[in-house]
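Chemist: Residues per chain are reported as follows:
2 protein chains.
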Amino acid sequence: MSAPHIESVDFFYLSMPNIEDVGDGSQDACVVRVRAGGHTGWGECEAAPLPSIAALVCPMSHSACHNVLDSVLGAPLRGPEDIHAIGTRVRARSLDLLQAAHVLSGIDMALWDLLGHMRGEPVWRLLGYARTYPKLPYASVLFGDDAQQTLHKARAIRAQGFRAAKFGWGPYGTGAPQLDADQVMAAREGLGPEGVLLVDAGTVWVEDVDRARQSLAALHEARATWLEEPFVSGALHAYAELARLAGSLRLAGGEGAHDYYMARHMIDHAGIRFVQIDAGRIGGISEAKKVADYALARDVTYVNHTFTSQLALSASLQPFAGLEHSEICEYPLEARAVAYAIALERLERDTDGYIHVPEGPGFGMQVDPARFKPYLVDTEIRVAGKTLYKTPVV
Amino acid sequence: MSAPHIESVDFFYLSMPNIEDVGDGSQDACVVRVRAGGHTGWGECEAAPLPSIAALVCPMSHSACHNVLDSVLGAPLRGPEDIHAIGTRVRARSLDLLQAAHVLSGIDMALWDLLGHMRGEPVWRLLGYARTYPKLPYASVLFGDDAQQTLHKARAIRAQGFRAAKFGWGPYGTGAPQLDADQVMAAREGLGPEGVLLVDAGTVWVEDVDRARQSLAALHEARATWLEEPFVSGALHAYAELARLAGSLRLAGGEGAHDYYMARHMIDHAGIRFVQIDAGRIGGISEAKKVADYALARDVTYVNHTFTSQLALSASLQPFAGLEHSEICEYPLEARAVAYAIALERLERDTDGYIHVPEGPGFGMQVDPARFKPYLVDTEIRVAGKTLYKTPVV
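Those sequence lines, one after another, are chains A and B.
Numbered per this note's numbering, the first sequence spans residues 3 to 396.
Numbered per this note's numbering, the second sequence spans residues 3 to 396.
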């Protein structure tokens, strides 16, 4: 019997009917379906859907600027080494196509899911882990518009039994430092003294170390476990300087990384102690696992970045499923309806507040296009008289 | 009189009728026109046109994933500070839109050209340079398929009066090290003993330092001035290791940088001595000038990366036009017809082999859409029943 080959790669652009101009990244989705050898795999790009679709199908510009589909379709899929080969091929042949990394992310994810279904194995086992460890999910929410709202949010999270919570974006860092202090103290009050408190500045200070350092006292007082993304990902020098000033408060970052190297630079040169990887941006499960291995070797804690669907959540847990000491995990709590229309299953917390990486084949999630059909955005791209993309029929 | 505001931003997708699967990046183009206050500016993204257009117009995903147009249209344009504000706004509001940096590049370029026309000043003067210095162009060509072809290419370049040449891509680095040595020695022979020889490995060794070091002896023997992009841009650790092994042979890199920080990381952590910036990728003239300033402070030589049009060439010279010791410049020699259809002017060499940055307003180049009309690619993007993009009428 001949080896299975990639027969089709389909991108589905899903969206809420109205997108609000807020930090919530779960308002639309770019879902990927890959088929080979009678099996189907699903993945998700954490990316702008339309430019990702354009990068999937665009005409070639030159030998280092192919579209992504061209390097995937027809490739053999016999085992993990073939997935790695596809990734290497995409990165080389789409070197000058910036969006390609986000496109590859959803495809690589779907390839691992597909391989898992072909072999009847969960992805984490294909990645070399013998077992999984439970993860402690933190509720990931936006700061309220003011401290009072944040207090209510924090209390509600505690009432839902979460032992950890992350507050981010919203007004944090955009006004006077005292307002940030009020926000952080409100979050602590609402969570209670035992709750793990994480704070996400959402790159608000760009590279302004002086402004960022004014936030440190309140973060210490509120006993925050980490300060996430005080700066844009590239400002390694600013991270490194703040890390020296921050004492026991640890810095977290990495969600913007769109390849293994960018994450590595933050570990090597930015002084972060938690590396947060969005498998839907970094190039998929393959690149994320490389970061998990590197972080482990450098005593940096790997954490997933996931703000969207339960499919993306299961996928994002796989690269560190078998790492006992990477216990904490991001858990999207306020995702929009479209995010719940992708996978049938939800990863629910057990009575101790932990979630468990699925044991089923692939990501252990069932995706049914009939469920997400109401959110499908009709899209068509025509170039030089040819239709390069049209929304797949569901 | 009220301040001028950005009235329109138009993207033109140009292409040769047939794109060959070779390293020549001049086979298509993504040209940008911006209008404000009765003036017009032109720029060019060194990017895949279709995904760039999609990133210009795509629906919003969330507050950090706006399309680029949304942050540009209607903005005031009174001076350089407004261009910087537009760039800052795009980077913040398109943080999660990977392709945005390439899109911004052409727009930022067009904004500087526009401002130059508004003020009747060349862009380099708006950037703070009091005068320009002549640049020594190196003919930038692909390696031949074998050493014999490369020898002929090098002789032809010398016969055309070029005092410097760069050979890159093609078969270099893909076979046995001896073949690379033959190629490099053929280039040296063809250029003659006095010619400046530059070698571009085109990221062929990814991060394999052991393979790269096997190329060093021949590069020394051929007296190459630099070895460019032995590795992918992100492999800072591999660059740093090779830099230590390379002795007097200097490393060059940076063309893949899509923001100031990436270029800075190569200066800070990769040991490069020449930083090569494509203004059409890094975010435009504004980001490129930041790199030029940083490189100057670190005693690293700034060089443009330009493989396409004469418009892109003039634009790419502006950020280092006034730096006397950054003398060498890339000069596209084998560009396709479409690249010459964009600007009317060509930057020709003087009798000493130097080119001069134009003194005219903006980039000193006239762009006439009637000239590039034959290369215009008819493109249409429809989402949810609305036409988000249609090729502008010329």
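Think of the hints as simulated: they come from the structure by calculation, not from any bench.
Keep in mind the model is a prediction, meaning the values are calculated, not measured.
Glycine included, every Cβ here is placed at the ideal spot set by N, Cα and C.
A couple of the hints might just be wrong.
Claimed, not checked - Negatives, chain A to chain B, calculated, CB over 10 angstroms:
#1 21
#2 27
#3 266
#4 386
Unchecked claim - What the simulated footprint calls covered on chain B by chain A, stretch by stretch (three residues with Cβ under 8 angstroms from a Cβ of chain A suffice, anywhere in the stretch; the number is not a length):
#5 40 to 52
#6 227 to 237
#7 261 to 272
#8 373 to 383
Said to hold, decoys possible - Label pairs and their computed distance ranges (CB to CB):
#9 208/B / 177/A: 54 to 60 angstroms
#10 75/A / 350/B: 43 to 49 angstroms
#11 136/B / 24/A: 49 to 55 angstroms
#12 23/A / 388/B: 47 to 53 angstroms
#13 388/A / 368/B: 48 to 54 angstroms
Chemist: Broken hints, numbered, in rising order?
Modeler: Failing hints, ascending: 1, 2, 3, 4, 9, 12, 13.
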